Amino acid sequence: MVCARSDGRRLRAWLAGLVLLAAALGASGCGLLGGPANAETVPGVTSRPCPHAVNRNHGCIYLGTLSDLSTGPFSALGVLLTRAQRAFWERVNAEGGIGGYDVDAVTYVRDTGYVPSRHLAAYLEMKDRVLALAQTLGSSTTEEILGDLRTERMLAVPASFQSRWEFEDVILESGTSYCFHYMNAVDYAVRQGRVRRVMSVHFAGDYGADGAGGGRVAARAHRLAYRSVQTPQGPDRQAAAVRSILKFKPDVVLLSTGPAETAAIVGQAVAHGYKGRFFGDQTTWNVAVMKSPVATAMRDHYLMTATWKPFATDAPGYTAMRAALGAVVPDDTLTVGWSMQYPLKAVLERAAQNGWLTRQGLYTAMKETTFVDYEGMMPPAAGDFSGTPNASAFRETVFERPDPSRYTGLRVLTDYQAGATADGYRLDAPCSGVT
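One point on numbering: in this note's numbering, the residue at position 382 of the sequence shown is 382, and numbering is uninterrupted.
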């Protein structure tokens, strides 16, 4: 039998290593805990060069980051997201910057530990010194600052993928929402074979509720039995969720948890005889699980619903990312961190071309953006921010499965695709409210 407590210790030890990485980056002057920059008339834009300017004759645009870099359930993801976005903007600066400015995405990086109150405090500390947020990790944490983002007309790139963001003008989201991923997951499972029961196992809050809403919509469309189970954070606190799975006997389980919780749930359920299939979005996965006791269970029973293809994919954006990152351990979270900066780059460039490099200028530029050049990392349809939520929402999923022979432990099963449920669904409200 696989022990969740043992798996948790292994994953927590691995996460601790990433915390040390974050500390080392900060100590080396890379700016994870950088000092203040001078605020001018336009918050986050200064005529003085950036602290580590590539172009010394340029002014500086400061971007903020609010992430989970140490103790929260998504710290393994937060460290890598932040590292990749730093490399993204370093490349932008090396290629000439934006409108006579370099971009600083390192001075205002703060660890908020996936705690809403810490997220708000860090945001208030930096908000008058940054033009926009290059990252705000988490659904509930971003909700904590959303009211002030609206008031300030400050754009923010979310490291979360709930359908709610389609309805927020200040949120510059990338990719497919949890809701549409899980509609596609149920459709995919139904095409693969007989499905009678679907269960969602999820954290509290909009992150979990959004995926559960999508699962409920798809189960209803296929006339399947459906059940939703809320579970707490912590790999050693998943026994009740596992019991629910074993009792209900779903053919498909949709997970909206962290990587450690996912490993515990899959490992324990399979050890107790569960034969069905788990689907998880990208926040449920970390390649480290393939070196843990649950590797076989993950390989045989887990599929990922992904917005991006793996790190080693052959496309211009992936090639540029690998070159900019240099010698790193391949990880698909780096792909996410890099690619979700493209919309912000596009909006900054448009605002600079408009001669309006302010928060209002960025807001206006975003509403004018119908195309984002992802350099082949996402389909063109993913970059339209000009329409209604229903028209602009990207609905496609790439299905992947664990494969230890691949660089990042995942093998692509399908190209981008949307099932009939997602294609036909009218997004008039966030999926977290679906009942």
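Note that these hints are calculated values from the structure, not bench results. Since this is a predicted model, take the numbers as computed values, not measurements. Wrong hints could be hidden among the right ones.
Pairwise CB distance ranges (calculated) [to be verified]:
no., residue 1, residue 2, range
1, Val328, Gly147, 29 to 39 angstroms
2, Trp356, Val328, 28 to 38 angstroms
3, Pro404, Thr364, 46 to 56 angstroms
4, Gln353, Pro379, 43 to 53 angstroms
Dumping the calculated DSSO-like pairs for lysine-lysine here, alpha-carbon to alpha-carbon at most 27 angstroms [unchecked claim]:
no., residue 1, residue 2
5, Lys345, Lys127
6, Lys275, Lys249
7, Lys247, Lys275
8, Lys275, Lys291
9, Lys367, Lys345
10, Lys367, Lys127
All C-beta atoms in this analysis are idealised placements derived from N, C-alpha and C, irrespective of residue type, glycine included.
Okay, the hints, checked on the actual structure:
1. Val328 with Gly147: 29 to 39 angstroms: Between Val328 and Gly147, where Cβ atoms are some 37 angstroms apart, the hint holds.
2. Trp356 with Val328: 28 to 38 angstroms: This hint holds: roughly 37 angstroms between Cβ atoms.
3. Pro404 with Thr364: 46 to 56 angstroms: holds (48 angstroms)
4. Gln353 with Pro379: 43 to 53 angstroms: violated (25 angstroms)
5. Lys345 with Lys127: holds (19 angstroms)
6. Lys275 with Lys249: Roughly 9 angstroms between the alpha carbons, so the hint for Lys275 and Lys249 holds.
7. Lys247 with Lys275: holds (13 angstroms)
8. Lys275 with Lys291: holds (22 angstroms)
9. Lys367 with Lys345: holds (14 angstroms)
10. Lys367 with Lys127: holds (22 angstroms)
Taken one by one, the earlier hints fail for this structure only at number 4.
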